[in-house]
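Going down the list, the protein sequences come from chains A and B.
Okay, so the first sequence: first residue is 24 according to my numbering, each after it adds one.
Okay, so the second sequence: first residue is 40 according to my numbering, each after it adds one.
Take the hints with a grain of salt, since some may be wrong.
[Said to hold, decoys possible] Computed from the model, here is a short list of chain B residues facing chain A with C-beta under 10 Å:
{"#": "1", "residue": "S143"}
{"#": "2", "residue": "Q153"}
{"#": "3", "residue": "I208"}
Read the hints as simulated data drawn from the structure, not as lab findings.
For each residue, glycine too, the CB sits at the ideal point set by N, CA and C.
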Amino acid sequence: MVRFFSRRLVTMLLALLFISTFTFFGMKVIPGGPFDSEKQLPPAIQKNIEEKYGLNDPLLKQYTDYLSGVIKGDLGPSFKYPNRSVNDIIKESFPVSAVLGCVAILLALSVGLCLGVLSALKQNQWQDYLAVIIATLGFSVPSFVLAALLQYVFAYKLGWVLPAMWGTWQQTILPAVSLAALPTATITRLMRSNMLEVLQEDYIRTARAKGLKNRVIIYRHAIRNALMPVVTYLGPMVASIFTGSFVVETIFAIPGLGRYFVNSVFNRDYTLIMGLTIFYSIFLMTMNLLVDLSYAVIDPRVKLTGKKE
Amino acid sequence: MPEHLLEVNNLKVSFFTHAGEVQAVRGTTFAIGTGEAVALVGESGCGKSVTAQSIMRLIPDPPGRIVGGEILFGGQDLAKLPEREMEKIRGNQIGMIFQDPMTSLNPTMTIGRQLTEGIVKHQGLPRREAEKRAVEMLALVGIPQPDRRVKQYPHEFSGGMRQRVMIAIALACEPRLLIADEPTTALDVTIQAQIIELMKELKDQTNTSIILITHDLGVVAGLCSRVLVMYAGQIVESGTLDEVFYRPGHPYTYSLLRAVPRLDAKVKERLVSIPGQPPDLLNPPKGCSFAPRCEFAMRICQERPPEERAVNDGHFVKCWLTVPGAPQVSLKGVR
Numbered sequence: 024m025v026r027f028f029s030r031r032l033v034t035m036l037l038a039l040l041f042i043s044t045f046t047f048f049g050m051k052v053i054p055g056g057p058f059d060s061e062k063q064l065p066p067a068i069q070k071n072i073e074e075k076y077g078l079n080d081p082l083l084k085q086y087t088d089y090l091s092g093v094i095k096g097d098l099g100p101s102f103k104y105p106n107r108s109v110n111d112i113i114k115e116s117f118p119v120s121a122v123l124g125c126v127a128i129l130l131a132l133s134v135g136l137c138l139g140v141l142s143a144l145k146q147n148q149w150q151d152y153l154a155v156i157i158a159t160l161g162f163s164v165p166s167f168v169l170a171a172l173l174q175y176v177f178a179y180k181l182g183w184v185l186p187a188m189w190g191t192w193q194q195t196i197l198p199a200v201s202l203a204a205l206p207t208a209t210i211t212r213l214m215r216s217n218m219l220e221v222l223q224e225d226y227i228r229t230a231r232a233k234g235l236k237n238r239v240i241i242y243r244h245a246i247r248n249a250l251m252p253v254v255t256y257l258g259p260m261v262a263s264i265f266t267g268s269f270v271v272e273t274i275f276a277i278p279g280l281g282r283y284f285v286n287s288v289f290n291r292d293y294t295l296i297m298g299l300t301i302f303y304s305i306f307l308m309t310m311n312l313l314v315d316l317s318y319a320v321i322d323p324r325v326k327l328t329g330k331k332e
Numbered sequence: 040m041p042e043h044l045l046e047v048n049n050l051k052v053s054f055f056t057h058a059g060e061v062q063a064v065r066g067t068t069f070a071i072g073t074g075e076a077v078a079l080v081g082e083s084g085c086g087k088s089v090t091a092q093s094i095m096r097l098i099p100d101p102p103g104r105i106v107g108g109e110i111l112f113g114g115q116d117l118a119k120l121p122e123r124e125m126e127k128i129r130g131n132q133i134g135m136i137f138q139d140p141m142t143s144l145n146p147t148m149t150i151g152r153q154l155t156e157g158i159v160k161h162q163g164l165p166r167r168e169a170e171k172r173a174v175e176m177l178a179l180v181g182i183p184q185p186d187r188r189v190k191q192y193p194h195e196f197s198g199g200m201r202q203r204v205m206i207a208i209a210l211a212c213e214p215r216l217l218i219a220d221e222p223t224t225a226l227d228v229t230i231q232a233q234i235i236e237l238m239k240e241l242k243d244q245t246n247t248s249i250i251l252i253t254h255d256l257g258v259v260a261g262l263c264s265r266v267l268v269m270y271a272g273q274i275v276e277s278g279t280l281d282e283v284f285y286r287p288g289h290p291y292t293y294s295l296l297r298a299v300p301r302l303d304a305k306v307k308e309r310l311v312s313i314p315g316q317p318p319d320l321l322n323p324p325k326g327c328s329f330a331p332r333c334e335f336a337m338r339i340c341q342e343r344p345p346e347e348r349a350v351n352d353g354h355f356v357k358c359w360l361t362v363p364g365a366p367q368v369s370l371k372g373v374r
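Turn these sequences into a full structure, and let the hints steer you where they fit.
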């Protein structure tokens, strides 16, 4: 167990170093900088700004300066939002994205698992077709179309909720639904195919031969074994949903992390790009670690050791 | 003749596929007495397993369905029993062991849990008692350190040990009938012998009746006193072990026995096989189903199915050759 964690920690740090190096030099290669604008700045001011943010240092020095800041937990000042540090931006907007993400994931999990199991049990009956149709729609309708449609029906036509805004729990419903559509569809399909596979297994027949009720067989024997691939998918999905969606956050005017992610690149806001990338990477790797840990809980054959396979 | 525990009368089971109705079992009739061990032998696809799974009502429906006949067990016709009543019989009055012990146990559940769930369901024992019973069962099937092993998962057991666990699960509620569907096929030879020995011991201890399904005639001899030979969904010959093995009345049985490799054969001698293929059960033949492969087939064999006839006390054969006045053929050379 200790060996497992220490190994994972080392690989995570290495991956993080690689990601930050790659991103750092990658964004420097892109033409343009944070302070370029249509109006040419006077050279003196330009020089002053570059001095202030250390942009006229050699590239390698900029890189090491930045990294030493990161190690201390300081992601630096934002280049675009004056007087705000990257830490502040994450601290303010991540909780918003996280709350929205949480609701979306709970929604996707509960609906997706139920639909998946139901359609497997009722294979080739109307419940199955309905679930497959929902899943296909969830896959193919882009979130901005769904979001606009939801706004039109529930906010404009029915007037049940405000079309956009953030603050009350009612206002999380529409964005959460639009955010949950794709993962719901994926979970439904994963769960459906896994259940169909598991129901063919010999141990299901053994369970039937014991005289267990069908319901017991499904809950106790089938679902747990069908859950593994869903758990695998859950790690990256949670990470990407928690860190916010640019499209959904923009449409519903939600002050989350997703908007910063995209805007930071357009603005060449170097520190914000780096900070969000590092933050997302750590989050993703932590989620994957949690997924691996939960394998061991779900499947007793999985043992967490530090050994190479 | 002891009181019959199980009576299968003219059982017909079909699978309804896109291609049409596959008649997997076409009128099977046999009976099993209390404490009796009967072998059901035949080649792959002859309907042995379908017969066994029909008794347990484990045929997946759709596509499979019992289309005719009755399965009398303890005064009830299992073929017509509602599912809820059937649950009380499965695992309780009839236990079943399957072919592949590697896949027949749930990988994410402890052995103990898989053993106790049947005990709790059928005997209504509290959890603690059921666990005690599970340990006893593991000890009974010869698993060392049962109180430790009961907490382990299937992947911590070898193939032979898993089959012992399967036997323990099947016998946990002291069923009156044990159906073993090729219990040794997936095991290597030394383990096969151990499992058969174990089943024999348990049968003698508990007086459980056994239906042993196999295509391994060597396994039959170790455990059973009576043999049913099945071909193309029908029982073509039945009788005591000695009768069927030493005085086979049906050319199919004879060919099967001749196909068993002999230890005293010369090394370079070719193995004997039965030429041809079993009939297509989508369109079963009009006459005797073995006729196309039978070296003694006559014209009537192609035209009308033979009736079952007693050739000796308790030895029945379905073959036109057993009719009085039929040509005498010599089935010599067996053993």
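Now the hints, each set against the structure:
no., hint, result
1, S143, "holds (4 Å)"
2, Q153, "holds (8 Å)"
3, I208, "holds (7 Å)"
Every hint, counting from the list given before, is met by this structure.
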